[in-house]
Amino acid sequence: MPIIGAALIPNSPLLLPKLSPLVQRRLAKTKQAIDRLAHELYARQPSLIIIIGYTQTISGVCNLLQAPKLSYSFAEWGDVVTKGEVLIATGFTHSLKERAEVNFPLLLRSVDRLPVNLAVPVNLLSTIFSQSPFVFLELPSSINLDDLTHLSTIIKEHCDSSSERIAIVAVGNLAERITKSKNEAQVYDKYFQAALKPLNQQSLANLDADLKKRVKETIWAPTLLTAMVVGEIATETEILSYEAPAKVGYIVAQINWL
Numbered sequence: 001m002p003i004i005g006a007a008l009i010p011n012s013p014l015l016l017p018k019l020s021p022l023v024q025r026r027l028a029k030t031k032q033a034i035d036r037l038a039h040e041l042y043a044r045q046p047s048l049i050i051i052i053g054y055t056q057t058i059s060g061v062c063n064l065l066q067a068p069k070l071s072y073s074f075a076e077w078g079d080v081v082t083k084g085e086v087l088i089a090t091g092f093t094h095s096l097k098e099r100a101e102v103n104f105p106l107l108l109r110s111v112d113r114l115p116v117n118l119a120v121p122v123n124l125l126s127t128i129f130s131q132s133p134f135v136f137l138e139l140p141s142s143i144n145l146d147d148l149t150h151l152s153t154i155i156k157e158h159c160d161s162s163s164e165r166i167a168i169v170a171v172g173n174l175a176e177r178i179t180k181s182k183n184e185a186q187v188y189d190k191y192f193q194a195a196l197k198p199l200n201q202q203s204l205a206n207l208d209a210d211l212k213k214r215v216k217e218t219i220w221a222p223t224l225l226t227a228m229v230v231g232e233i234a235t236e237t238e239i240l241s242y243e244a245p246a247k248v249g250y251i252v253a254q255i256n257w258l
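The numbers in the working numbering rise by one with no breaks, and the one at position 47 of the sequence shown is 47.
No lab work stands behind these hints, which were simulated from the structure alone. Don't take each hint at face value.
Within a straight-line C-alpha distance of at most 27 Å, the following computed BS3-like cross-link-like pairs (lysine-lysine) qualify [said to hold, decoys possible]:
id, residue 1, residue 2
1, 216, 31
2, 31, 83
3, 213, 180
4, 31, 18
5, 18, 83
6, 216, 190
7, 180, 216
8, 156, 197
9, 182, 247
10, 29, 197
11, 212, 29
12, 18, 216
13, 213, 197
14, 69, 31
15, 190, 69
Input sequences plus hints: build the corresponding full structure.
Given below as structure tokens:
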């Protein structure tokens with residue numbers, strides 16, 4: 001089985017290493033859990049990492065980022081120090097697109113640099129995976145269950161036919177604690193966590209669509225797609241940390257095998 005690991009991590013710019021000490025202290029639990037997760041994934045020796053997150057464009061289609069390398073920086077978020085470059089697994093990316101193109105609209109998207117929502121998790125994992133090639137899959141916020149099911153089959157078949165040792169990381173945040181939806185945010189986060197222990201695709205799929213929109217979460221579709229890809233080989237998710245110190249819920253979790 002070439003898929004040798006899977007995980008969930010947040011992608012908030014508040015997790016950047018050079019922001020204020022106060023922010024760092026408030027998110028210490030999450031950052032410690034991400035460090036632990038990175039070491040756990042490294043122990044499985046992946047040769048390629050697939051990052052799945054929402055797209056930041058208005059496009060209604062799924063995208064694979066294409067480029068030999070992509071740089072990233074976070075000056076616009078107040079961190080003028082942190083920057084880096086990531087290697088793209090171009091062969092795997094293009095062959096995945098070719099496998100999908102007959103039956104599913106999976107496009108290649110060219111960008112000048114790595115989008116922030118994907119660059120944050122890369123930076124958080126970079127101390128361990130600085131030399132690893134990545135595949136970046138962007139999902140539209142409007143993606144439906146049928147498309148997720150179809151796409152998961154394509155990805156699983158492609159991974160199964162590959163010689164790579166693949167880790168899949170779903171990235172995004174849980175609910176926002178905005179004034180009108182604080183209670184709903186707590187309900188959403190609690191239900192989401194319950195759907196992970198044990199890992200239950202149906203419970204994730206049944207999360208109320210209107211509730212997801214109201215709390216402005218960004219982790220549901222990447223997580224459900226990951227769960228569909230790993231399928232029956234996964235039994236539960238070990239939640240390494242959960243906290244909501246800055247009006248947004250953050251979860252770090254590792255999907256465990258049978």
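Verification of the hints:
1. 216 to 31: Holds. Residue 216 to residue 31 sits at ~22 Å (cutoff 27 Å).
2. 31 to 83: Cα-Cα ~18 Å, so holds.
3. 213 to 180: 13 Å, holds
4. 31 to 18: 13 Å, holds
5. 18 to 83: Holds, at about 11 Å.
6. 216 to 190: 15 Å, holds
7. 180 to 216: At roughly 12 Å apart (the allowed maximum being 27 Å), residue 216 and residue 180 satisfy the hint.
8. 156 to 197: Holds, at roughly 22 Å.
9. 182 to 247: 9 Å, holds
10. 29 to 197: Holds, because 20 Å separates the two Cα atoms, which is no more than 27 Å.
11. 212 to 29: The given pair, whose Cα atoms are some 25 Å apart, holds under the 27 Å limit.
12. 18 to 216: 26 Å, holds
13. 213 to 197: 23 Å, holds
14. 69 to 31: 26 Å, holds
15. 190 to 69: Roughly 38 Å between the alpha carbons, so the hint for residue 190 and residue 69 is violated.
Violated hint: 15 only; the structure is consistent with all others.
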